[in-house]
Structures are given as structure tokens and as C-alpha cells.
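Enquirer: Protein chains in written order, with our numbering: chain A, 6 to 304; chain B, 3 to 240.
What the hints contain is simulated information worked out from the structure, not anything from laboratory work.
Some hints could be false.
[Claimed, not checked] Distance condition first, Cα-Cα at most 27 Å in a straight line; then the derived DSSO-like pairs of lysine-lysine: (1) A:K172 - B:K10; (2) A:K188 - B:K77; (3) B:K77 - A:K172; (4) B:K77 - A:K93; (5) A:K141 - A:K298; (6) A:K188 - B:K112; (7) B:K99 - A:K298; (8) B:K10 - B:K99; (9) B:K99 - B:K5; (10) B:K205 - B:K184; (11) A:K97 - B:K10; (12) B:K184 - A:K172; (13) A:K178 - B:K10; (14) B:K10 - A:K298; (15) A:K178 - B:K99; (16) A:K188 - B:K205; (17) B:K217 - A:K178; (18) A:K178 - B:K184; (19) A:K188 - A:K178.
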Amino acid sequence: MEYFLEILFGGLTRGSIYALIALGYTMVYGIIELINFAHGEIYMIGAFTGLIIAGVLGAAGFPAAAIFVLAILGAVLYSAAYGYTIEKIAYKPLRGAQRLSPLISAIGMSIFLQNYVMLAQTSDFLPFPSLIPEFKVPWIGHIISSSELIIVVVTILVCIGLTLFIKFTRLGKAMRATAQNRKMAMLVGINVNTVISATFVVGSSLAAVGGVLIASHIGQINYYIGFIAGIKAFTAAVLGGIGSVPGAMLGALILGQTEAFATGYVSSDYEDVFAFALLVLILIFRPAGIMGKEPVQKV
Amino acid sequence: MTKMLELKNVNTFYGNIQALYDVSLHIDHSEIITLIGANGAGKSTTLMTICGMLTPRTGDVIYENESIRGQSADKVVASGISQVPEGRLIFPELTIKENLDMGAFLRTDKAGIARDMEYCFDLFPILAERRNQQGGNLSGGEQQMLAIARALMARPRLLLLDEPSMGLAPLVVRQIFEIIKKINKESGTTIFLVEQNANLALKIGHRGYVMENGKIVLTDSCETLLANEDVKRAYLGL
């Protein structure tokens with residue numbers, strides 16, 4: 006039983022990180038129908054930013070909790086700026102082009118950012134300090150570590166915050182309207198360019214939170230971490246139904262659990278096999294994903 | 003009456019394909035102007051040119067004595083022009099109330115928005131009943147009502163309607179045209195009505211334009227157009 010719960014919480018932690026990244030994929034896809042392949046790199050840049058901030062503040066003697074919060078905030082700001090700029094440089098000029106063009110641009114941006122970080126930083130793995138405050142978790146301390154608990158709690162809060170933001174704020178409503186009908190959104194006076202930029206900023210911010218949290222949990226990073234995490238999060242988004250925000254959360258949760266149980270009960274060699282087999286199954290029986298809508302054929 | 007909107011020798015293109023040829027027309031304050039023409043004549047393109055969704059290659063769009071040519075769509079909405087587009091374009095996963103809220107997107111006067119929403123619910127009681135349902139679940143006629151109400155939420159001075167009768171039962175069409183007349187009469191909102199249903203459109207309009215292949219070929223009072231032999235033959239099926 007204890008082993009089972011341990012795996013369950015491990016899966017929850019994984020799922021949390023996937024969710025934080027998957028939300029960016031799904032939101033961008035919802036608005037401009039683009040798979041932003043550079044999104045994993047935003048997550049990686051968030052982790053590197055966190056590392057640099059933690060290094061500087063640590064040397065300056067800041068308390069651990071302050072470093073943790075400031076590292077996340079800094080990573081969020083820096084990654085958001087990257088997300089905003091990438092959209093302006095790599096996608097906006099291609100709006101209205103055929104769908105393959107921005108996709109290729111996204112892949113190019115992803116490769117560029119990986120190599121840029123590799124050259125600017127290093128190609129080796131860098132140790133990442135454990136920023137998440139350590140404490141003894143009451144009652145369930147033997148099955149979940151404090152850093153896992155914080156990852157899960159932060160993710161839940163972020164998901165609730167995002168849901169409220171999309172549901173109730175003016176910008177959130179504008180995002181939903183733009184996703185449902187961009188032409189009509191323009192006709193009611195929504196500045197669609199602003200909405201698209203905001204979507205990239207929000208998605209990138211979430212990825213940066215995930216980047217700092219997981220780097221701190223695992224303890225090392227390199228320029229390539231965004232690729233793997235990005236592919237997994239993308240899988241989660243497709244699983245849940247790309248374009249759907251609750252779908253991405255659910256897809257990430259399911260993917261995290263699948264991997265955790267495959268690792269825990271079969272072998273860690275098989276975690277990817279199970280993850281992608283699940284994806285294939287879902288795509289066969291529900292091509293639009295769990296919460297995605299079947300595309301309506303317009304007559 | 004004074005000129006509210008004027009198109010001067012407008013030529014609009016989609017890429018290299020010309021859709022509007024030298025279109026000139028004007029709309030006076032508080033008028034109902036109808037633009038009739040066959041499918042593909044350039045009627046919707048004319049509306050999209052006014053709304054700032056398309057920029058004419060040459061020619062000018064003058065609104066309240068200022069050129070709005072090339073202005074972005076949100077600026078045009080802010081200046082008091084709203085469109086009810088062809089096919090209604092309801093936000094399917096927003097509730098009716100949220101759809102109406104989106105219509106008032108650029109407004110900040112909460113009390114005024116609430117008042118206008120009540121006005122829309124008075125005009126279309128069915129919307130009030132279903133205010134918390136998703137827009138996509140409405141019937142075609144109800145969606146058309148919602149699209150008109152959504153445009154009214156911007157409190158436009160000029161309301162552009164693109165084929166409000168399309169795909170609707172005759173009874174519903176008549177109901178909607180009555181309401182268009184009512185909107186014009188009660189609030190003095192100027193109306194530019196684009197229709198293939200020439201018979202109905204010419205009956206509620208003051209003046210009309212006839213469009214063929216991207217050109218304005220005829221303009222007169224609606225009464226005269228209804229009696230015109232060419233119009234009768236081509237558009238009224240008589």
C-alpha cells in the first residue's frame with residue numbers, strides 16, 4: 006500500500022510538471038492552431054534563469070525561501086519575455102501563410118534556442134541547487150517529500166488561478182472568444198495581436214514555473230532538458246485534447262500516472278513505451294483527445 | 003440629413019484578385035440603406051472594407067468626416083460601427099450572456115452595459131430565457147437574434163447587417179426585419195443592410211444600391227428600385 010501511494014504521489018509530481026508545460030502548448034494551439042515546438046525551450050530557459058538567479062542571490066546571502074520565490078519570479082519574467090519575442094519574430098510574420106510554415110519556424114526556433122543556450126552556457130549538465138524549502142511533511146512524510154508536495158501544491162494553485170483568469174477576466178474572455186472565432190473577435194473590437202501575445206506570455210510563464218520547480222527537484226539541468234519535457238508535455242496536451250485547458254491538465258495527470266506506474270511496477274525502461282502506447286490508443290479511439298471536440302465539418 | 007459614411011472609388015483586392023471596382027456609396031444619418039446583389043457580387047467585401055478587416059488598395063472610406071481607411075477593426079468598432087457578419091459567427095462555447103458581454107468588449111460603463119443588455123433582452127425575450135446556455139446550442143434564428151443583440155451591445159451608431167435572413171424560415175425572417183426597423187426607429191441607429199433577399203430588404207430600406215460583379219450598377223430610392231424592371235427580373239424573380 007505504501008509503495009502504491011509512493012508511486013501515486015510520484016506520478017502526481019510528474020503530472021504536475023507536464024501540466025505546467027502542456028498548458029502553454031494547448032493555449033497557443035487553441036488561439037492560433039500552432040504547435041509551438043519552441044515551448045520546451047522556454048521551460049529550459051526558465052530553469053537556467055532560475056539557476057543564475059539562485060547563484061547570484063545565494064552568493065549575496067539571501068534566505069532560502071526568498072531565493073526560491075525570486076528565482077521563480079525572475080524565471081517567469083525572463084521566459085515570458087522570450088515567449089513574447091519568439092511570437093513576434095518567428096510566428097507573427099507567418100500568420101496567414103500556410104500551416105506548415107509557422108510549424109517549421111517553430112522547429113527552427115527550438116533548435117536555435119537549444120544551441121544558443123549550449124554556446125552561451127555549457128553543453129554539460131549543471132548542478133541545480135535544491136531551492137524548494139525542505140521541511141518534514143506531516144502524516145504523509147514517509148511517502149512524499151517536501152519538494153514533491155510543493156510542486157503539486159504550486160501546480161494546483163496555478164491551475165486554479167489560470168482557470169479563474171480564463172473564465173472571469175476581460176483578457177481571459179478575449180482569449181476564449183479569439184480561440185472560438187478569430188474573425189468575430191476582431192469584429193467586436195478585440196485586438197487579436199494583443200491576445201496572441203498575452204497567450205504566449207502566460208504559457209511561457211507557466212513553463213518557467215515548471216522549469217524551476219523540476220530542476221530544483223531533480224538537481225541538474227542542461228540545454229537539452231526542454232526537448233524531452235516538451236515532447237512529453239505535448240503528448241499530455243494531445244492526450245487531453247489539444248486546445249482544451251482542462252484537457253491539458255487531465256492529460257498531464259494521466260500521463261504522469263501512467264509513467265509512474267510503468268516505472269514502479271514494470272521497469273523504468275518501459276515508462277516511455279507505456280506513455281506513448283497510451284497516446285496511440287487514445288488517438289485511435291478518440292482522435293480529438295479526451296476533452297477535445299471532434300472538428301465540426303462545415304457545410 | 004448629413005452624410006455619415008461614404009465610400010469613394012474603393013478598389014479592394016484579395017491578393018491579386020480584385021473584388022470591388024470603384025465602389026462609391028454613401029449612408030446618411032438615421033437611414034436604412036440596403037445593398038442587394040447576387041452571391042459573390044462583393045457585398046460582404048464592402049462591409050469588411052468598412053470594418054477595417056480589409057484595406058482598399060485605392061479609394062477612401064470616410065466616416066463622420068474622417069478617413070477610416072486602413073484603420074484596425076478595433077478602432078472602427080470603437081468609433082461606433084458594428085457588424086453582424088454573414089453566418090452570424092456566434093461564439094459557440096460562450097454563454098449567451100458572455101456573447102453579449104463580448105459585444106460590449108470595448109466599453110467600460112458598467113451601468114450602461116447592464117441597461118443595454120436589458121434592452122436586448124426586451125427586444126429578444128428568448129435570449130433572456132436562455133442567457134446561461136451556450137451560444138452554439140441555439141437555433142439559426144436565435145443565433146441571428148444573438149448576433150444582432152451582440153452588435154447592439156457595442157452601442158453602434160452605424161449597424162452593418164450581412165444577410166440576416168440567410169437560412170432562416172420566412173416567419174423568423176419577418177420577425178427579424180421588424181426588429182431591424184424598430185432599432186432604426188427607436189434609437190435612430192443608422193443601418194446598412196446587405197441582402198440577397200431583395201424583396202424584403204427593399205421594403206424596409208430608404209435607399210438602395212444594386213451590386214454586380216464588384217460594381218455598383220444602380221442606386222435609387224427603394225420604392226423606385228422595387229418598381230424597376232431590371233431589378234424585378236434579376237432579383238425579385240418577377
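Enquirer: It remains to establish, for every hint, whether it holds in the given structure.
Expert: Hint check:
1. A:K172 - B:K10: 43 Å, violated
2. A:K188 - B:K77: 15 Å, holds
3. B:K77 - A:K172: 25 Å, holds
4. B:K77 - A:K93: 22 Å, holds
5. A:K141 - A:K298: 44 Å, violated
6. A:K188 - B:K112: 25 Å, holds
7. B:K99 - A:K298: 22 Å, holds
8. B:K10 - B:K99: Violated - the C-alpha atoms of B:K99 and B:K10 are around 38 Å apart, more than 27 Å.
9. B:K99 - B:K5: 34 Å, violated
10. B:K205 - B:K184: Given pair B:K205, B:K184 holds - Cα atoms ~14 Å apart, limit 27 Å.
11. A:K97 - B:K10: Violated, at roughly 32 Å.
12. B:K184 - A:K172: 34 Å, violated
13. A:K178 - B:K10: Roughly 37 Å between the alpha carbons, so the hint for A:K178 and B:K10 is violated.
14. B:K10 - A:K298: Distance of about 45 Å is beyond 27 Å: violated.
15. A:K178 - B:K99: 12 Å, holds
16. A:K188 - B:K205: At roughly 31 Å apart (the allowed maximum being 27 Å), B:K205 and A:K188 break the hint.
17. B:K217 - A:K178: Given that 27 Å is the threshold and the Cα spacing comes to 39 Å, the pair is violated.
18. A:K178 - B:K184: Since the Cα atoms of A:K178 and B:K184 sit roughly 31 Å apart, the hinted pair is violated (cutoff 27 Å).
19. A:K188 - A:K178: 15 Å, holds
Taken one by one, the earlier hints fail for this structure at numbers 1, 5, 8, 9, 11, 12, 13, 14, 16, 17 and 18, listed in ascending order.
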